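Q: Could you build the full structure based on these sequences and the hints that come with them?
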Amino acid sequence: VEDWKNNVTYRREFKEQGAEHPVIVWFWQVLHELNDQEKSKLLQFITGSSRVPIGGFAGFDSGSSMLISIESIDQSISVFPRAHTCFNRMELPLYDSKEELENRVRFVLEFTNGFNLE
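Numbering of the sequence shown is given in the working numbering, commencing with residue 6 and proceeding in unit increments.
Any given hint might turn out to be false.
To be verified - Computed list of lysine-lysine pairs in BS3-like fashion (alpha-carbon distance at most 25 Å, straight line):
hint : residue 1 : residue 2
1    : Lys103    : Lys20
2    : Lys10     : Lys20
3    : Lys46     : Lys10
4    : Lys103    : Lys44
5    : Lys103    : Lys46
6    : Lys44     : Lys20
7    : Lys44     : Lys10
8    : Lys10     : Lys103
Rather than coming from a laboratory, the hints here were simulated on the basis of the structure. Since the structure is predicted, the reported quantities are computational estimates derived from the model, not experimental observations.
A: As structure tokens, this is what we get:
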């Protein structure tokens with residue numbers, strides 16, 4: 006998780022505070038609590054691949070790829086995290102609590118299969 010955390014960029018409302026933004030703090034706490042299979046599913050949700058490049062998460066910043074980014078979105082757009090795998094980007098709603106974030110992330114992990122909701 007630390008390698009992932011050290012090799013991510015933040016966009017929109019997350020950009021200024023980065024890893025210190027409350028929603029991002031909750032996200033990393035939830036990620037730490039996930040088991041390896043769930044972390045792999047989340048990585049696949051964001052990037053289209055369940056595997057980390059050979060060079061670790063920094064390997065996403067190669068000539069053919071880009072670092073994972075986390076971008077804020079308003080809950081009026083979506084209450085669930087959304088992903089753009091071509092850009093290694095996850096849009097994370099501005100949740101009001103860690104519990105809400107965890108419930109929505111776990112829902113996405115349980116009910117997504119590749120690029121679709123089941």
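Q: If you check each hint against the structure, which ones fail?
A: none
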